[in-house]
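*Asks:* These are the residues of each chain, in order.
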Amino acid sequence: MRTTRRVLKYELHNVIRSRAVLIYTVFLFLLTDVLFRFGGEGPRVVLSLLNVVLLFVPLVSVVFGTMYVYSAREFTELLLAQPVGRRSLFAGLYLGLALPLAGAFLAGVGLPFVIHARPEAALWGPLGMLLTAGLLLTFVFTAVAMLLATLFDDRAKGLGGAILIWLGCAVLYDGLILLLITMFREYPLERPVLVLTLLNPIDLGRVLLLLQFDTAALMGYTGAVFERFFGTSGGRMTVLAALAIQAAVPLLLASRVFRRKDF
Amino acid sequence: MTGAASAVEFRGLRKRFGRLTALDGVDIVVAPGRITALVGPNGAGKSTLIKCLLGLVRPDEGVMQLGGAPIGAGWAYRRELGYMPQAPRFPDNLTGREVVAMLRDLRGPSAETDDELLEWFGESGALDRPVRVLSGGTRQKLNAAIAFLFRPGLLILDEPTAGLDPVASGILKDKIRRVRDGGATVVLSSHLMAELEELAEDLVFLVEGRVRYAGPLAGLKERTGEAGLERAMAALLRRGGA
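As you go down the protein sequences, you meet chains A and B in turn.
Its first residue numbered 882, the first sequence is counted upward by one per residue in the numbering used here.
Its first residue numbered 378, the second sequence is counted upward by one per residue in the numbering used here.
One chain only, chain A, in its complex shape (with noise of 0.2 Å):
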């Protein structure tokens, strides 16, 4: 506990003066207020932001977060040269990586919200739930990348796979999920497609968010059929466990093997 405190104090410092946080941050702050200054209320601000949180945070988390271990590959040998574990390093480069970027979605995003919204009660729902999202993609994806940069040792490996898993979660899922759909249009799908939305985190952010607004209606019967599953403080339930054991289990697995690794 005591060396992950340290390891992480001080990769927060590193991590927070970075550029690329930095210009996260401005680039978030910025459109959020572009979006107020468009003449957007509160919960139509958190609807626009719905793509810009569940693409974008997905995408630079797994992206810095993977160069940002392979960058970090030479300091973390001499650390682990020190009379420290490794289990309790890696918790702390872990968390000094998620942290930070955690805290840019949070002021990039939050700030505009301070400045611009009104506070009413139709507010408080949608942005909880945008900032939960935001957040917990962030934890998942800066797993991920942990887990990529120490899987591979080929910085262009961890890499591809970082922007492959980025490309599979946000697109190619989605498109296959559709497939499936229309290739099995003859059977009762919804069960099914309820599961398989389960596994992807960034569709379970989608829900999360959609489930806010009315828009559901929109989605038809399998809407319905969302509606009741995830519409339930039980389903929503459901959702919030199943992005956290997203990260966990890439972060359990990157520790595993940070644990054994031949550096």
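Since the hints were derived computationally from the structure, they do not count as laboratory data.
All figures in this text were calculated on a predicted structure; none of them were measured in a lab.
Do not take every clue at face value.
Said to hold, decoys possible - Within a straight-line C-alpha distance of at most 25 Å, the following computed SDA-like cross-link-like pairs (lysine to any residue) qualify:
1. A:Lys890 with B:Thr472
2. A:Lys890 with B:Asn470
3. A:Lys890 with B:Leu504
4. A:Lys1142 with B:Asn419
5. A:Lys1142 with B:Trp452
6. A:Lys1038 with A:Leu987
7. A:Lys1142 with B:Pro447
8. A:Lys1038 with B:Arg435
9. A:Lys890 with B:Arg435
10. A:Lys890 with B:Arg474
11. A:Lys1038 with B:Leu397
12. A:Lys1038 with B:Phe394
13. A:Lys890 with B:Asp482
14. A:Lys1142 with B:Leu480
15. A:Lys1142 with B:Asp404
16. A:Lys1142 with B:Leu397
17. A:Lys1142 with B:Arg474
To be verified - Here are the in silico distance ranges between beta carbons for each label pair:
18. A:Gly966 with B:Glu578: 33 to 43 Å
19. B:Asp469 with A:Gly1006: 55 to 65 Å
20. A:Thr1113 with B:Thr490: 55 to 65 Å
21. A:Thr1113 with B:Arg509: 47 to 57 Å
22. B:Gly451 with A:Leu1053: 37 to 47 Å
Idealized CB from N, CA, C, for every residue including glycine.
Starting from the structure of chain A, add chain B where the hints point.
*Replies:* For chain B alone, coordinates are given in the frame of chain A:
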């Protein structure tokens, strides 16, 4: 026992990376309180051997001992170690002062330090500049300062003078001799023969993961009948190949 002599022992050390055998049964005893040079052609297993000792690489077989105590899975033995990696990269956005503070924090407050090289590194104000703007040589000074900082009983130096100008290199070599005189054991690898002849007392010559020669530097020259270290090693290589 910080600062005291620590003998290092490798017994039957083996390590394979896939189909590549990096270490093929290495038995070495590194004498305490002496400077031992690790030499050999590229890919001979020098780095792997050093990394095994540091706990960065887990050997497949064999045992290692430091000061008579076996090195196992624990990490406490690394309190005795000072390590100077070959190509140091420090977190870009931290200053030298912060990097040093981090390592000090990791060791705990009780650690007794030797700030001589740190002062040398900080002479031109380098301590408070972000590491990414420092020149390669200045970074190597920081690297050296960190290795010597905690008065280690065993120093592991990988190409210690690489990138240093002659003056800096001289200062570092003097420091190496001084800590040896203070009782520390030094293991270093270098490709500079002149440097090895100047510093090393013992020599371990690795070829393809095996020890070709281990013993005093003078003994190698005697055995091969060659006066220069470079020629002596070449003679040993030729003889082994025949």
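*Asks:* Quick check: which numbered hints come out false for this structure?
*Replies:* 6, 9, 17, 19
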